[in-house]
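Trainee: Chain residues, written in single-letter form:
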Amino acid sequence: MVGSATLWVWTKQRTMTQGGNGPSGESLTIEQAIANIQGSDLSLRVYAAWWLGRFRVSDPQAVDVLILALADEDDRTDAGGYPLRRNAARALGKLGDRRAVQPLMDSLQCSDFYVREAAAQSLEALGDATCAAVLIQLLKGEIPGTLPAPEQGDLAEPYDAILEALGSLGITDAIPLIKPFLTHSIERVKYAAARALYQLASSAGEAAQYGNILVKALDGDDLQLRRAALADLGAIGYLGAAGAIADTLAENSLKLIALKGVLEKQVQRSATDDDLSEGAVHVMELMDSLL
Amino acid sequence: MTNTMTNPNPSAADLIRAVEKANSAQSLVDAVRDLADARIESASSLLIEALGYNNPGAAVAAVDGLVALGDVVVPTLLEQIDGYNYGARAWAVRALASIGHPDALETLLHTLETDFSMSVRRAAARGLGMLRWQLLPETEIEPAQSKALATLLPMTDDSEWIVRYATVVGLQALAIAIPPDHPDWHRKIHDRLSQMQATDESLAVRTRVKQAQAIISQFIQEQSNQTDSSISPDWQSILDKVYRRKASERPLEEGDPRRFKSVVATMSSSTN
Chain A
1 MVGSATLWVW TKQRTMTQGG NGPSGESLTI EQAIANIQGS DLSLRVYAAW
51 WLGRFRVSDP QAVDVLILAL ADEDDRTDAG GYPLRRNAAR ALGKLGDRRA
101 VQPLMDSLQC SDFYVREAAA QSLEALGDAT CAAVLIQLLK GEIPGTLPAP
151 EQGDLAEPYD AILEALGSLG ITDAIPLIKP FLTHSIERVK YAAARALYQL
201 ASSAGEAAQY GNILVKALDG DDLQLRRAAL ADLGAIGYLG AAGAIADTLA
251 ENSLKLIALK GVLEKQVQRS ATDDDLSEGA VHVMELMDSL L
Chain B
292 MTNTMTNPNP SAADLIRAVE KANSAQSLVD AVRDLADARI ESASSLLIEA
342 LGYNNPGAAV AAVDGLVALG DVVVPTLLEQ IDGYNYGARA WAVRALASIG
392 HPDALETLLH TLETDFSMSV RRAAARGLGM LRWQLLPETE IEPAQSKALA
442 TLLPMTDDSE WIVRYATVVG LQALAIAIPP DHPDWHRKIH DRLSQMQATD
492 ESLAVRTRVK QAQAIISQFI QEQSNQTDSS ISPDWQSILD KVYRRKASER
542 PLEEGDPRRF KSVVATMSSS TN
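Chains as they are written, first to last, in this note's numbering: chain A, 1 to 291; chain B, 292 to 563.
Everything labelled a hint here was simulated from the structure, so no lab data went into it. Keep in mind it's a predicted model, so treat the numbers as computed, not measured. C-beta atoms are modelled at their ideal positions from N, C-alpha and C, and glycine is treated no differently. A couple of the hints might just be wrong.
Example chain A residues on the side facing chain B (calculated, C-beta under 8 Å, incomplete) [said to hold, decoys possible]:
hint, residue
1, ALA250
2, LEU263
3, LEU276
4, MET284
In silico negatives: residues of chain B with every beta carbon more than 10 Å from chain A [said to hold, decoys possible]:
hint, residue
5, ASP305
6, ARG308
7, ALA359
8, ASP362
9, GLN371
10, TYR375
11, PRO393
12, PRO434
13, SER437
14, ASP448
15, TYR456
16, SER485
17, SER508
Bound conformation, chain B alone:
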């Protein structure tokens, strides 16, 4: 994600030529891989073009290269995304999701809600949870996260297992990113995940939900300075413990656990 090699590489022209002249599927994969590995900013448009070659090996390499170049390629990707065929769009959304620049928010929201291709919705769902929110002006963070949450939650009912799986991944990241003074948001995520764990028809999705609950629990545990070493996958029990401990607690020391007071209150009330 850093631009470590923005200086023009003497062999840049050769690398670009190799992509343009590749005459077999495999030589194209190799040429795009070499170009991607070189991290040449001026070659980003060619990497973007390679997303549409209908060659998955080349596309994987091109996405890697674009992600390595990072934020500088975001404007071009956003500009060109509507013109892509569905295969290329999936790869482009995937690159945007991995780069995580919040300028991609509207594109990801729109894509997740409307795209007919499950591979595109899948990439968007993951990406929505993982945007680098801190790059936004402070006043824009909450509205942006609110939109992301509102768009992700209904996707837990998508007809495709992989979109639901990706939505769980997105919700997990969002649960960790959203500020602790939004107990209603945490409750929505918690309740939806619990519901999926009980009813989703796909074992893989239910397993990922379980993992998400464990990861969020662990995060909350760490944030609330909970020293108990046993990690329970159940949010509720951890938050209950925090709550009980806090009730008998002396004045707080370093890392104020009141940060999560409101979350604790919500979790307690939501399942009682």
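One chain only, chain A, in its complex shape:
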């Protein structure tokens, strides 16, 4: 909790200074950020890419320079990673401009694990299913030259990001490819598979079967994994999980965010605008009890 507190204070300060300060302490404007990302100072370039996403600067010029940054060759880590490309890929997912779809699809073939992960997440956020074929290729390990996660050599691809994108984008063709990941050795990858299969299920009963895999994960011994399962259940908005979410041994803040996802899914689903569904009322009672 201390870690998240620090992060919170830090982001709050960024917001409060109306834009935040760069690594050398100066305030950024949109024009400066766009100029910096094309400049020669690598740390300013990386920061500007992050900044444009953080403050959702959807200015077409910002999108242009971020797309250019996806092909950057200047900023390399010792291990061969591309920090600027990572930040640019993350930012583009937040700007809602579909011009980024094709360049991000190209980034799925980048050797840097984190660039591929960010690209998959951003393609999911942009909601454009044209990337389905490349995502599937990546899932099958058919793209040559990709390096595994630097700290986790046995993780060849950012499977969780790929699986989540396939689920959110409604790629039902991928179901047979996703199922084997339910028994993957990494728990988070299992959860991502369950989450995707929930979203792709053809019936409520089938969806519940996958949702319940995540519900079971709420009872696990590892706090980090319980937090991950909470986030997944909030993202899919599985009503059947509401009680278990409330009972999970984790921060109430995270449980409330997960229940918010469930509540909003209920409200969006109900056709009438008048009465709140029984499910929605139940979720709010749980949320009230966690405040």
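Following the hints, put chain B in place on chain A, whose structure we already have.
Mentor: Just chain B now, with coordinates in the frame of chain A:
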């Protein structure tokens, strides 16, 4: 909230030792849970300490235990609250809010107005609406509720959705708690909720506002002996109905609906 087991339990020392000796996150959760469930008053300081272990599972259990012990732990919680880190403070405020003793009023007011942590403001907003006002001397109730209302209303503009959500919960409870002869207070709550329903950017918050309006309406309906079985989420229409009915009413029978006369008048004028 009742002290059903204040007698020293023979195993109290064991339970306390188990918390002190826990050597893993999970064993700490289990030990604090056992201690909390035992409701041992003398262990309250250890439960308070457990709020600061940076172990959410243990904190949840400790809050449950403190709330179960109830009013007896309020002085200690209030005394120690300033020294907590933000995580522990959130849990302590949450315990105070759930216990609902009005001695926590000033702490909750101050916390809601000034705390940088949204989880602390969230707990305070809920708690402010739910204090057991009747524990205060009668002359202090109105000033206390007035302060609570004045502090809650601006929080409907908080930058965090969860604080606004909790503020709606607090305002709902306050609308039900405040005396009916304060039509201006009811009007303020009604108008602010209507405004939120129209403009809040969060669907979850707008949904909770809708629910609050329905609950307050139902309460007013019951209080005014309205027999109409259809519950409308719209305060205004219910109060209009009460008003119309009252206009043609014979002398009042049991449960005098004049209790809400002034409220009705306010609601009618506020939206005309």
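Trainee: Determine for every hint whether it applies to the structure shown.
Mentor: Here is how each hint holds up against the structure:
no. : hint   : in the structure
1   : ALA250 : 5 Å, holds
2   : LEU263 : 5 Å, holds
3   : LEU276 : 6 Å, holds
4   : MET284 : 6 Å, holds
5   : ASP305 : 23 Å, holds
6   : ARG308 : 22 Å, holds
7   : ALA359 : 15 Å, holds
8   : ASP362 : 20 Å, holds
9   : GLN371 : 18 Å, holds
10  : TYR375 : 12 Å, holds
11  : PRO393 : 19 Å, holds
12  : PRO434 : 25 Å, holds
13  : SER437 : 23 Å, holds
14  : ASP448 : 15 Å, holds
15  : TYR456 : 7 Å, violated
16  : SER485 : 16 Å, holds
17  : SER508 : 13 Å, holds
Checked against the numbered hints listed earlier, the structure breaks hint 15 alone; every other hint is satisfied.
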